[in-house]
Amino acid sequence: MRLYAALVYLFLYLPIGIIALFSFSAGRSASQFQGFSTKWYGRALENPFVIEALWISVEVALISAVLASVVGTMAALALTGMKGRLKMVFDLMIHVAVMIPGIVIGIATLIALVSVFDIVNPWLEAVSGFRLSMGYGSLIAAHGLFTMSLVVILVRRRLEALDRALLEASSDLGAHPLGTFRQVTLPLIAPAILAGFLLSFTFSFDDFIIAFFVAGSETTLPIYVFSSIRRGVTPEINAIGTMVMAASLGLLVVTQVILRRGGARSTDVQSEPVERPKVDRS
Amino acid sequence: MALTQNQTRWALITPAGLWYAALLLLPLAVVLIFSFGERSTVGGYAPGFTLEQYANLPARFAAFRNTLTLAPLGTIASLLIAYPLAYFLAVKVSPRWKTMLLVLVIVPFWTSILIRSYAWIFLLGGRGIPALLDWLGIEGVRLINTPFAVLVGIVYGYLPLMVFPIYVALEKLDKRLLEASADLGTPPWRSFLQITLPLSMPGVLTGTMLVFILLMGEFLIPAILGGGKVFFVGNALVDLFLQSRNWAFGSAVAVALVVIMLIVVALYGRLAKRFAVNRDDMDLM
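Sequences listed follow chains G and R, in order. With the first sequence counted from 1, adding 45 to any position gets you my numbering. With the second sequence counted from 1, adding 684 to any position gets you my numbering.
Bound-form chain G, shown alone (with noise of 0.2 Å):
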């Protein structure tokens, strides 16, 4: 059983380790290892157009990551007790957008758009000389939309699970409603809007598909990463492999550690939940 499950964990991790040996090779050749540098990361931090490519990817992401919180909380706060048909509206398109393969999204937004753009551009080049186009907002609107989905799901797990006594304490005490909203509500969901920007963010910044659709010209770090494979595979792709999985790996320690404080300072103020006694009904 051991030995099982370490053969599981060589399998996950050897293709990492050997993308992050060889960004360290002093060759040219990407397959076989032929002394140790650190040049193809030099090589890759002076490319100007993985540079530019970068800043796409984390200006798009920062954005879409930013807008899908504020949206996503706003829409998990209505949501929550709420009854209906809006609701059941909202339950659905959530579902819908999580659910629907990305590549589908992908295509569904690129011809949606461009048809609108068509339609619309004539008008509006008359109107004010700008075009609209395929590229910095369509990639963050269509990130934006896929992530609001995750920040609502998350934040309303957090508020279906809020103490109401706290709620109706801080109002017996005569606390204005958007005063309980910042002093009691905001501090106790706060961690799970950091995890919900944070999921959004790698999202994002991962993200090929949907990006490949809907990127126009611009060219985020996967799509250049996907192009430059396509040419065949180099030391400095590897470098560039590294570095992303490294920084994911930082953003996902950062959440878990954000995660965990943010539970830690709830139970200050929420009783832990009592683990309910297991009745034995056999």
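Check before you lean on any hint, since a few could be wrong.
[Stated by the list, open to error] Derived DSBU-like pairs: lysine-lysine, alpha-carbon spacing no greater than 30 Å straight-line:
no., chain 1, residue 1, chain 2, residue 2
1, R, Lys-913, R, Lys-859
2, R, Lys-913, R, Lys-856
3, R, Lys-957, R, Lys-856
4, R, Lys-957, G, Lys-128
5, R, Lys-859, R, Lys-776
6, R, Lys-859, G, Lys-132
By construction, these hints were calculated from the structure, which means they are not laboratory data.
Using the hints provided, position chain R relative to the given structure of chain G.
For chain R alone, coordinates are given in the frame of chain G:
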């Protein structure tokens, strides 16, 4: 502020509603409408109402066949590899190591699947595993750009997603049931088949469903490890929308993909419900 609760609610939910309307409902409606249209002479879409695109679906039969064989195969392979690991993590590992080992399973999932898949180009390519086999006396093995390579990529990519729900289900399992079963003289393999396996079924169903749904829309793994020889519906879609710009036919392919996916999910939901019912029966015994 003089907003009533209802007004606040509307104010909070409107931005999300607009976002869904503009970037989910509108695009999906456009795909549906385009799938009944025609290809314009310059590529793209020309209005029309015809079922021609759907009648033409068999032209992409190979993509659907590959997806509908490799997605289930990949799901089953992931399950077979993930289950023992999840069992090990939930039942055998001491609490001290548990968190770390779990995190180690999840970490790869949060790093770019693009980079992780492309790592297999090294391992499956001429200088990787085939060279090793060559050295061992097994010659002429080709792995890269075969269905096997795609399968390896799939299992590698989605294993974490399979391990986690199964682990959660097994973790919840009351260990005293197994002790009671052992006390009554049941051999371990029977206890496993009659207690552990049925009780972990919800996790198995969640994991296989998640992986299967994601695999149906897969593009990257076949593109990187299948080398154009093993292609999924996703690869056909990229070709239709970005290369040949046949939007009407591409939309029909996309609609067909989603419909097949929904049918599978619905059938699966039924299966899951049946398992839930069985479990209640067992609890009552």
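- Message: For R:Lys-859 and R:Lys-776, compute the direct alpha-carbon distance and say whether it is at most 30 Å.
- Response: Cα-Cα ~11 Å, so holds.
- Is R:Lys-859 within 30 Å of G:Lys-132, Cα to Cα? This hinted pair is violated, its Cα atoms lying about 39 Å apart.
- Query: Is the straight-line distance between the alpha-carbon of R:Lys-913 and that of R:Lys-856 30 Å or less?
  - Reply: Roughly 44 Å separates the two Cα atoms, so the pair is violated.
- Query: Is R:Lys-957 within 30 Å of R:Lys-856, Cα to Cα?
  - Reply: Holds - the C-alpha atoms of R:Lys-856 and R:Lys-957 are around 19 Å apart, at most 30 Å.
- Item | Distance restraint between R:Lys-957 and G:Lys-128, which requires alpha-carbon spacing of 30 Å or less | 25 Å, holds
- Item | Restraint status (C-alpha distance of R:Lys-913 to R:Lys-859 at most 30 Å) | 48 Å, violated
Checked against the numbered hints above, the structure violates hints 1, 2, 6; every other hint is satisfied.
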